[in-house]
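Trainee: With chain A held as given, fit chain B onto it using these hints.
Read top to bottom, the protein sequences are chains A and B.
Positions 1 to 404 (full-length UniProt numbering) are the ones given, in order, by the first sequence.
Positions 1 to 244 (full-length UniProt numbering) are the ones given, in order, by the second sequence.
Worth flagging that the hints you see were computed from the coordinates, not collected in a lab.
We put the beta carbon where it would ideally sit given N, CA and C, even for glycine.
Wrong hints could be hidden among the right ones.
[Claimed, not checked] Looking from chain B toward chain A, a few residues come up when the C-beta cut is under 10 Å (computed):
(1) Ala94
(2) Val96
(3) Asp121
(4) Asp128
(5) Val144
(6) Thr146
(7) Thr147
(8) Gly171
(9) Ser172
[Claimed, not checked] Residues of chain B clear of chain A, computed beta-carbon distances all greater than 10 Å:
(10) Pro20
(11) Arg62
(12) Ala110
(13) Val185
As a plain string of letters, each chain reads:
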Amino acid sequence: MQEIKSDHTFTTPGHYGDFGGTYVPELLYPELQRVADAYHAARQDPAFNQELNDLLANYAGRPSLLYYAANMTKDLGGAQVYLKREDLNHTGAHKINNVLGQALVAKRMGKKRLIAETGAGQHGVATATVAALFGMECEIFMGKVDTERQKLNVYRMQLLGAKVTPVTSGSAVLKDAVNAALQNWAARSDDTFYLLGSAVGPYPFPEMVHDFQSVISKESKQQIQQAAGRQPDYIVACVGGGSNAIGSFAEYIADPAVHLIGAEAAGKGVDTPENAATMTNGSTGIFHGMKSKFLQNADGQIDKVYSISAGLDYPGVGPEHVRLQELGRAQYVAITDDEAVNAFEYIAKEEGIIAAIESCHAIAEVMKLAPTLGSDKIIICTVSGRGDKDVASIAKYRGVEIDD
Amino acid sequence: MTNVDVEKKTIVPVIVAGDPSLKRTTEQIIALGQAGATLVAVSVPFSDPVGDGPVIQAADVRALDNGTNLAGVFAAIAQARAETDVAIQLTLYANVAYKYGDTAFAEKCAALGITDVLVLDLPSQEDDPLPAALRAAGVNLVAVVTTNSLHTVAPLVADAAHFIFVMPIPGSNSGAIADQLRLLVPEIRQHTDLPIIAEIGLPDVPIPAAILAAVDGVYLDTVFPAAASAGSEKLSALFQKLTA
Chain A
1 MQEIKSDHTF
11 TTPGHYGDFG
21 GTYVPELLYP
31 ELQRVADAYH
41 AARQDPAFNQ
51 ELNDLLANYA
61 GRPSLLYYAA
71 NMTKDLGGAQ
81 VYLKREDLNH
91 TGAHKINNVL
101 GQALVAKRMG
111 KKRLIAETGA
121 GQHGVATATV
131 AALFGMECEI
141 FMGKVDTERQ
151 KLNVYRMQLL
161 GAKVTPVTSG
171 SAVLKDAVNA
181 ALQNWAARSD
191 DTFYLLGSAV
201 GPYPFPEMVH
211 DFQSVISKES
221 KQQIQQAAGR
231 QPDYIVACVG
241 GGSNAIGSFA
251 EYIADPAVHL
261 IGAEAAGKGV
271 DTPENAATMT
281 NGSTGIFHGM
291 KSKFLQNADG
301 QIDKVYSISA
311 GLDYPGVGPE
321 HVRLQELGRA
331 QYVAITDDEA
341 VNAFEYIAKE
351 EGIIAAIESC
361 HAIAEVMKLA
371 PTLGSDKIII
381 CTVSGRGDKD
391 VASIAKYRGV
401 EIDD
Chain B
1 MTNVDVEKKT
11 IVPVIVAGDP
21 SLKRTTEQII
31 ALGQAGATLV
41 AVSVPFSDPV
51 GDGPVIQAAD
61 VRALDNGTNL
71 AGVFAAIAQA
81 RAETDVAIQL
91 TLYANVAYKY
101 GDTAFAEKCA
111 ALGITDVLVL
121 DLPSQEDDPL
131 PAALRAAGVN
141 LVAVVTTNSL
151 HTVAPLVADA
161 AHFIFVMPIP
171 GSNSGAIADQ
181 LRLLVPEIRQ
191 HTDLPIIAEI
201 GLPDVPIPAA
211 ILAAVDGVYL
221 DTVFPAAASA
231 GSEKLSALFQ
241 KLTA
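Just chain A, same shape as in the assembly:
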């Protein structure tokens, strides 16, 4: 692992140690500053927080359950396992927490139009959902290759009233969709808000996503106190860009007694070329608006990455995670496709929960960790989303033919 240390002390906002920042074309800088100002003003405004809390409770269905997984606990024969059920939110994942928050900021700024990029379509669907709710125009940029692979999600977004624009430049996948969305934003920032879905990108996005997703750990802290009479020993969450993980960690970061573990995608193995294990194999770089860790070659060209999970299939990671790793405050482990698919089947059979393949990377880590701990220990694992979307690809992975 190649690390470049600097003794530079950053004076601008949005830095986590050496990481973070606002590395964007000058064209986008003024608008990012306006977003940061609007966001900070919003957080000080009781009316904004009240509206957000109301939407989280009455639209998204929060608080999400903290469920004691008795069967898993018994079967794994070690620590007590609790599941934070973000899969039960409206739209079936944690993504809605952040989308509602950012869309409210957009509304406050007087924006009439939301844009987002999407890979597999999950973030696009969440953005289209909230645009429908708020009566805002919505355009989702999606690589042409992805629109063909994910026709159902394209139709979902259209059903919600969004325009889906296939992007044909480059290799016509997620990164090209990001390029197209950024260029569109640069051209139309007067009426448009770019809704970023993960804890990545330029300031203030990592901070906003951290804050809006921290509702996960705010709730779990209280819920575990009520259920077990004390705080947890371990928090486990999956990490792609790192939004559900940062939200799951947020309220515990200041308490060193709570171990924080992020599970990233090892794909076919961290020693193979086909993985997305940024925390394990990545090195420091500057890309997509931030200084962070990336899978890249020695020349700084960004690698193509692979994971069975479209949600973890990203060559970078949020800058705050890199800082937490550097400080030793959080540990990051890599989980292979095989391990994640086993976990997918395991949690379905043990607990009757079909969890997203992304979340199953965290479940797989719990399956390794729990047996090594005593029964007095408590693990909270975030189930970031539901797995209905993954059933067909898991069947294919197992060689089962499904006739639809």
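Mentor: Structure of chain B alone, referenced to chain A:
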């Protein structure tokens, strides 16, 4: 408006290093210098050129497929230096310079007579170590003003040298670019007398007079990359046609 004297305007040709090969990059720099260019911009290919249009994106893919990297680009420029002393600008993304090492990058640029460096994803407001490294090596970090900078131009040009680089909104047609320049240029002029060079990502040849009239020069990042495979004689002919 139609009486613009093209000869008094600076035409900055942009070539993508390594497209179609680094050997050709060397030839192109020499040819453009001989054709009378005062500044040649060499764009370093990147895997994810967020700040570029489709022509450069496609050229970057070809160049990277050829195995182009920054060390190779420096070598190609060193070769060209045997035959030309034309001023050279390097245009690149922050990660490529970062991986090379800020200080090493700046010193290498200085050694090769690279006078100007434009980092497409490093806004002047970001507190990054690269600008200080370039300053220490005596290389100019190009000051960028965009249409979105309207009413906030002053700090962007405060430390500028050589010229001011103006970036219109991507995807604008020539009429829209001319409109944007008419708004922006007077504000820039209030704060600096440096020449104003506008980025023009249009295939339009000749360059629309309404654009040329508004600025001191143009940075053509579509015209030359689109013609790169045709050979360096074609590029110098194109340059001469544009400046005739």
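Trainee: Does the CB of B/Gly171 sit less than 10 Å away from some CB of chain A?
Mentor: This hint holds: B/Gly171 lies near chain A, its Cβ roughly 6 Å from the closest one there, short of 10 Å.
Trainee: The hint names B/Ser172 as touching chain A; please verify it with the least Cβ-Cβ distance against 10 Å.
Mentor: Given a least distance of 8 Å, the restraint on B/Ser172 holds.
Trainee: Minimum C-beta separation from B/Val185 to chain A exceeding 10 Å: can you confirm that?
Mentor: Holds: least Cβ distance 16 Å, greater than 10 Å.
Trainee: Min Cβ distance, B/Thr146 to chain A: is it shorter than 10 Å?
Mentor: With a minimum Cβ separation of about 4 Å from chain A (threshold 10 Å), the hint on B/Thr146 holds.
Trainee: Hey, does B/Arg62 actually stay past 10 Å from chain A on C-beta?
Mentor: Holds, because the least Cβ-Cβ distance between B/Arg62 and chain A comes to about 12 Å, which exceeds 10 Å.
Trainee: With 10 Å as the cut and Cβ atoms as the points, is B/Thr147 at the interface with chain A?
Mentor: holds (8 Å)
Trainee: Is it the case that B/Ala110 keeps its Cβ farther than 10 Å from each residue Cβ in chain A?
Mentor: The assertion about B/Ala110 holds, with a minimum of 20 Å to chain A.
Trainee: For the hint on B/Asp121, does the least C-beta distance to chain A fall short of 10 Å?
Mentor: holds (5 Å)
Trainee: Any Cβ of chain A at or closer than 10 Å to B/Pro20, or is the non-interface label fine?
Mentor: holds (18 Å)
Trainee: Can you verify the interface hint for B/Val144: is its Cβ closer than 10 Å to any Cβ in chain A?
Mentor: Hint holds; B/Val144 Cβ to chain A Cβ min 4 Å, cut 10 Å.
Trainee: Against chain A, run the beta carbon of B/Val96 and see if the smallest gap drops under 10 Å.
Mentor: B/Val96 check passes; min Cβ-Cβ to chain A is 5 Å, inside 10 Å.
Trainee: Taking the least C-beta to C-beta distance, is B/Ala94 closer than 10 Å to chain A?
Mentor: Because about 4 Å separates B/Ala94 from the closest Cβ in chain A, which is inside the 10 Å limit, the hint holds.
Consistency with the previously given hints is maintained throughout, with no hint failing.
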